[in-house]
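Number of protein chains: 2
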Amino acid sequence: MIIAEILATGDEIRSGTLIDSNSAHIAQQLELAGVEVSRHHCVGDDMALLVSVLREIAERADIAVVTGGLGPTSDDLTAEAAALAAEVPLHQSSEALELVEAFFRNFHKPITPSNLKQSYFPEGASCIVNPTGSAPGFMISLKKCLFFFLPGVPSEMRRMLSDTVLPAIIQKIGKQRMHHRVVTLNTFGLTESMTGETLKDFSSFFPNIQLGFRAKFPEIQVKFYLHGEDEHQVTSMAQQAEAWVTDKLGDHLFSSDGENMEVVVGRLLSRNKATVALAESCTGGQIAAWLTDVPGSSDYFLFSGVVYANQAKMDVLGVPEDVLVRYGAVHEETVKHMASGVRRITGATYGLATSGIAGPGGGTDDKPVGTICIGLATPDAVYAYRFQYRFKSRNMNKQIFAMKALDILRRELMGVLKDAPL
Amino acid sequence: MIIAEILATGDEIRSGTLIDSNSAHIAQQLELAGVEVSRHHCVGDDMALLVSVLREIAERADIAVVTGGLGPTSDDLTAEAAALAAEVPLHQSSEALELVEAFFRNFHKPITPSNLKQSYFPEGASCIVNPTGSAPGFMISLKKCLFFFLPGVPSEMRRMLSDTVLPAIIQKIGKQRMHHRVVTLNTFGLTESMTGETLKDFSSFFPNIQLGFRAKFPEIQVKFYLHGEDEHQVTSMAQQAEAWVTDKLGDHLFSSDGENMEVVVGRLLSRNKATVALAESCTGGQIAAWLTDVPGSSDYFLFSGVVYANQAKMDVLGVPEDVLVRYGAVHEETVKHMASGVRRITGATYGLATSGIAGPGGGTDDKPVGTICIGLATPDAVYAYRFQYRFKSRNMNKQIFAMKALDILRRELMGVLKDAPL
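Which chain is which? The protein sequence lines are A and B, in order.
Oh and the first sequence: position 295 is 294 in numbering that gives the first Met the number 0, straight run, nothing missing.
Oh and the second sequence: position 206 is 205 in numbering that gives the first Met the number 0, straight run, nothing missing.
Excised from the complex, chain A in its bound form:
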């Protein structure tokens, strides 16, 4: 039985200024690679404590992943602590020096003396390439335990974990490996408890599979985990369970491979050779920001008019003044005009419009905070919907409004949009 432990370092995590999300990611990834993590630790930027925890771990574990403290500044102590724990000197690694120098050369930035510090590792350590940041990592054995030292920046850590650490671990553990599968299904439109009710018979059909739910607002992710010694059997069981869950969730399931809503909508637009233009009032550019996060989105995303002011709704989108006067900014009629207007001025296949009350102020008895009207103009028709959410947070409302609008466009593109409450 392989024992693995994780150590997060740094005063920000120790003091609670920052929540440690790295350790959870590492534990999940190690489990997928067939290694169960038994303990997590966290200590601050304190040399004596760092050294003593590293020595403790070396007594017990076979594998350890340590994050943080590899930066250029004076509070970055990890390399020195590892050298003290291993009772070897720190020395400049020529490989690490090359990597640090190459990083600054590529970014056309001057290298500072404190950056050079990042090339000092304990003697005997091997370098772990960091493709996206200035701090290389390193690996070194202390007693029987193989330690991997990675930066604390989550994006850099994740990349180095998958590129270098996991392959090295799989090689080290060899045949002791278990086969794991994690299936993640992204849903939108049901609450977490409604999702749970929908899938309540799961465990009677699949007693050996662990089912979990995760609210990744405004989505709900359905996850299940399974493991076993026979790879083929694990794969087949995962497929059966996925098919069962997919059937139960129906239209609320929008992706089964971790893709987010904007990627799914973008692919549907591309596939249909269609374009979209937006008129965003309450969503304030959030839909445009999401859509344009996707590489290649300029092929189908034409324009968003973030029309906070009524004057802009009239001037830019051509919403008639009497519609705004008669119905107000938050109304089905208004969003129909916004959607048609932005479709007309841009020549897009689809015009999608939002107007609502994100809060915290601006609510009335008639249109409380959380009210959202969404309009969709297609080549054939113009649809409008009104929904009422109960969130108090401006940011949560903006996000669920934006996601709901994209979900309506997704349903239209899939041919399952109904001209009635969704």
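Rather than coming from a laboratory, the hints here were simulated on the basis of the structure.
Glycine residues also receive a C-beta, built at the ideal position from the N, C-alpha and C atoms.
Treat the hints loosely; a few may be bogus.
Stated by the list, open to error - Straight-line alpha carbon distances no greater than 27 Å define the calculated BS3-like cross-link-like pairs of lysine-lysine that follow:
(1) 215/A - 171/A
(2) 417/B - 272/B
(3) 108/A - 142/B
(4) 199/A - 108/B
(5) 391/A - 215/A
(6) 108/A - 143/B
(7) 272/A - 417/A
(8) 215/B - 215/A
(9) 108/A - 247/B
(10) 142/B - 171/B
(11) 222/A - 247/A
(12) 222/A - 199/A
(13) 116/B - 199/A
(14) 222/B - 108/A
(15) 366/A - 417/A
(16) 108/A - 391/B
(17) 417/B - 108/A
(18) 199/B - 215/B
(19) 199/B - 247/B
(20) 108/A - 366/B
(21) 247/A - 391/A
(22) 143/B - 171/B
To be verified - If you want the footprint, here are the derived chain B segments under chain A, 3+ residues with CB under 8 Å:
(23) 303-312
(24) 371-380
Fit chain B to the supplied structure of chain A, relying on the hints for placement.
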């Protein structure tokens, strides 16, 4: 010096299915109460390991807070583990039994035998009332360490921490209480290592203050922590250090109370009774989405035209076709026209425009990925800037482009914008 440690228990946190946010909250609250947490631990639902970690902590710490494992199911092992570590029997606490029974009476739910398990504590423990859940907590001394055992449900844990645990800790430590200050300064425009270089003499002026840096892309946060027994002295030292750092960082410092860029820019716009309208090409609505996250932003944010297509730049903003033909979409002249155009059509005080290449595609030798042109039209002048970033990630480029544009507006609003490279 009081030593405090935190232990999170449970397979969900150990395996990474759940990110542990409890420990960060507890560390922050203890620090505010004057106790610095030195280590965090996490182990799963494993009796032998739980007992051994509790014993380890009892050897070192004066105070320990443990979360999780107090529920009614078979994987809830904490009370038994505490009894084993303390070498006392488990027994039914009449106080806990009353609390459990009262909970189910109040919620009109039938009590099950497994719920009764929640009234069994180690002999000698005292009960901690849980006003919002079924599982009471308990406190007990192991060696010189006072342990507090709380449920893992964050809302229940937080309530019990503030109602019972913190008062008990403050009573226990009495005059040993330390006073802490954390100062956070948000900067933009320098890399982490450049920030470190700028402040490299900090420790010679303030040898007792711990300085830290955190890359919260695209910002760099400068933080320092200090503590001492004399509250007045701690406050005065924090002010001196803040003044020193503020002076060194100059214009790169944009907030000293944790406020983010869009809040700072919004307040400056309000204070100047000014409004802003945006023309966003490569930033794709990101600036609008940030600005409109701030409650009350409708007072100063009028409009953003997310003009991906050149046709939209002409039709909506009135950028002359020959400018686009002669200079291309990414050029100082083009963003000047975009900024002036959006200022003109909306009547805003400021027009702010972005056009650049976020990648991953679309770069040329002349205008590689990471090129950003920013235009600012003010009542008196029109400025344009070009910057070159080296990020490969589309999302990172979008964020740093958007932040740079807001930073230019911030500098203009503060009267420190220079008509030259920043």
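Now the hints, each set against the structure:
1. 215/A - 171/A: Judged against 27 Å, a Cα distance of about 35 Å means the pair is violated.
2. 417/B - 272/B: holds, 22 Å
3. 108/A - 142/B: Given that 27 Å is the threshold and the Cα spacing comes to 55 Å, the pair is violated.
4. 199/A - 108/B: holds, 21 Å
5. 391/A - 215/A: With a Cα-Cα distance of about 17 Å, the restraint between residue 391/A and residue 215/A holds, given a limit of 27 Å.
6. 108/A - 143/B: The given pair, whose Cα atoms are some 53 Å apart, is violated under the 27 Å limit.
7. 272/A - 417/A: Holds - the C-alpha atoms of residue 417/A and residue 272/A are around 22 Å apart, at most 27 Å.
8. 215/B - 215/A: Holds - the C-alpha atoms of residue 215/A and residue 215/B are around 21 Å apart, at most 27 Å.
9. 108/A - 247/B: Within the cut-off at roughly 21 Å; holds.
10. 142/B - 171/B: holds, 15 Å
11. 222/A - 247/A: At roughly 14 Å apart (the allowed maximum being 27 Å), residue 247/A and residue 222/A satisfy the hint.
12. 222/A - 199/A: Roughly 14 Å between the alpha carbons, so the hint for residue 222/A and residue 199/A holds.
13. 116/B - 199/A: It holds: about 26 Å lies between the C-alpha atoms, which stays within 27 Å.
14. 222/B - 108/A: Holds, at roughly 24 Å.
15. 366/A - 417/A: Answer holds: residue 366/A to residue 417/A is near 24 Å, not above 27 Å.
16. 108/A - 391/B: holds, 15 Å
17. 417/B - 108/A: Satisfied, since the Cα-Cα distance of roughly 23 Å is no more than 27 Å.
18. 199/B - 215/B: Holds - the C-alpha atoms of residue 215/B and residue 199/B are around 20 Å apart, at most 27 Å.
19. 199/B - 247/B: Holds, because 10 Å separates the two Cα atoms, which is no more than 27 Å.
20. 108/A - 366/B: holds, 18 Å
21. 247/A - 391/A: Cα-Cα ~31 Å, so violated.
22. 143/B - 171/B: Holds, at about 12 Å.
23. 303-312: Coverage by chain A holds here, the residue count being 8 at a Cβ distance below 8 Å.
24. 371-380: Coverage by chain A is violated here, the residue count being 0 at a Cβ distance below 8 Å.
Hints 1, 3, 6, 21 and 24, counting from the list given before, are not met by this structure.
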